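Line by line, the protein sequences give chains A and B. The letter at position 59 of the first sequence is residue 59 when you use the numbering used here, and the numbering goes up by one with no holes. The letter at position 80 of the second sequence is residue 80 when you use the numbering used here, and the numbering goes up by one with no holes.
Hints listed in this document are in silico derivations from the structure and should not be mistaken for laboratory results. Remember, predicted model here, so these are calculated numbers, not experimental data. Ideal Cβ positions, reconstructed from N, Cα and C, are used throughout, including at glycine. Watch out, some of these pointers could steer you wrong.
[Claimed, not checked] The calculated label-pair distances, taken between Cβ atoms and stated as ranges, are:
(1) Gly-82(B) x Ile-97(A): 34 to 42 Å
(2) Ala-116(B) x Thr-99(A): 53 to 61 Å
(3) Arg-30(A) x Arg-240(B): 17 to 25 Å
(4) Ala-57(B) x Ala-69(A): 34 to 42 Å
[Stated by the list, open to error] Partner residues aside, some chain A positions facing chain B, computed with beta carbon under 7 Å:
(5) Leu-19
(6) Pro-34
(7) Pro-80
[What the hints assert, rightly or not] Okay, the calculated bits of chain A under chain B, using three or more residues with CB under 8 Å as the criterion:
(8) 6-15
(9) 20-30
(10) 37-46
(11) 51-64
(12) 84-97
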Amino acid sequence: MSWPLMIGLVAGCYGLKALGVSKLGGRVDRRLGPAVTLLPAALFAALIMIMTFEDAGTLTLDARAAGVAAGAVAVWRKAPLILVVAVAMAVTAAVRIVT
Amino acid sequence: MRARFGTISWLAGLIGRLGSSRGSRPYLRDCIIVSLAVAPTGVTFGVVADAAGFDLARIIVMSALVFTGASQFAAVGVINDGGSGGAAVGSALLLAARNALYGPVMRRALPPSTPARLGAAQFVIDETTAVSTAQTNRRDATGAFWFSGVLLWLVWNACSIAGALLGAVLGTPETWGLDAAFPAILVALLAPHVRTAAGRTAALAAAAVALGVVPVTGTGVPILVSVVALAPALWVRARREDSPATDGTPGEAPGRAL
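From just these sequences and the hints, can you work out the full model?
Rendered as structure tokens:
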């Protein structure tokens with residue numbers, strides 16, 4: 001990621017926090033609160049689908065799906081994040097070796 | 001994270017008691033628990049950011065200045081998936097938008113002068129809001145905000161740097177399954193957001209639309225898709241609010257997410 005984009009990311013993330021503590025904060029809260037609260041659920045779900053099933057512009061079912069499914073089970077079992085990552089990577093690598 | 005809570009809360013209790021002998025600060029224990037709990041997550045961020053091709057300088061800037069975990073993971077994940085820088089920043093900013101909702105809730109804990117409040121804004125995130133709003137009076141809310149904010153910042157940065165260095169030592173070829181690590185991380189980040197009916201609707205709608213539009217579009221699409229998916233989710237939320245005693249819409253009370 002280029003430095004101009006990094007600076008944009010830093011400025012944007014700080015700007016949103018600053019907007020919240022400013023006088024405008026209360027207004028944002030009332031008008032956009034429900035939508036903003038639901039954004040992470042939608043965005044995470046869309047990103048998960050793209051990262052798991054997309055390959056060069058088409059949908060594919062490959063080793064990633066098995067790894068992510070195993071990771072999801074780890075999440076459901078309340079495993080720490082580092083274990084979720086380890087499980088997902090190990091299962092994906094194992095499926096790649098087998099197939 | 002939760003698996004380690006036994007040890008962490010014991011440690012925190014010990015440190016908290018030491019602290020409370022010098023005055024009554026009931027929030028110290030909570031602050032320390034929250035800060036220690038993000039340590040493994042910070043290490044994970046460093047490792048995966050390094051594996052996704054981020055250099056140490058960028059990882060340090062991310063953790064020190066962006067300082068909002070979910071956005072950091074999303075940005076790095078989109079880049080690792082071959083997405084554009086614009087898509088990475090756009091996704092991160094949409095996730096960071098919820099930090100703007102915490103300001104009004106945190107008013108009593110923040111300094112009254114505008115310059116000081118703008119400085120404090122950097123620490124207004126999920127965890128500090130959760131710890132601070134749980135306090136019963138203004139003095140404790142302020143103390144909890146600053147103590148958790150600074151401690152979290154230190155732990156988060158130290159751990160992500162440690163993770164980056166660890167990642168450099170390990171080396172992570174693609175064959176290890178790194179491409180599945182990012183969606184798995186996002187599943188963990190998604191979990192606290194699907195506890196409500198509206199959250200589940202948003203997630204399912206976004207997942208369905210994302211899969212549907214993949215053949216016609218490129219990267220950056222999840223951002224647009226997620227906005228479209230808000231429509232049915234907001235409808236579900238509005239319906240739930242009409243009837244009393246439903247899922248208690250968290251909205252203003254952040255969970256233990258990043």
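Tested hints:
| no. | hint | result |
| --- | --- | --- |
| 1 | Gly-82(B) x Ile-97(A): 34 to 42 Å | violated (23 Å) |
| 2 | Ala-116(B) x Thr-99(A): 53 to 61 Å | holds (58 Å) |
| 3 | Arg-30(A) x Arg-240(B): 17 to 25 Å | holds (18 Å) |
| 4 | Ala-57(B) x Ala-69(A): 34 to 42 Å | holds (35 Å) |
| 5 | Leu-19 | holds (5 Å) |
| 6 | Pro-34 | holds (6 Å) |
| 7 | Pro-80 | holds (5 Å) |
| 8 | 6-15 | holds (count 7) |
| 9 | 20-30 | holds (count 7) |
| 10 | 37-46 | holds (count 10) |
| 11 | 51-64 | holds (count 9) |
| 12 | 84-97 | holds (count 10) |
Violated hint: 1 only; the structure is consistent with all others.
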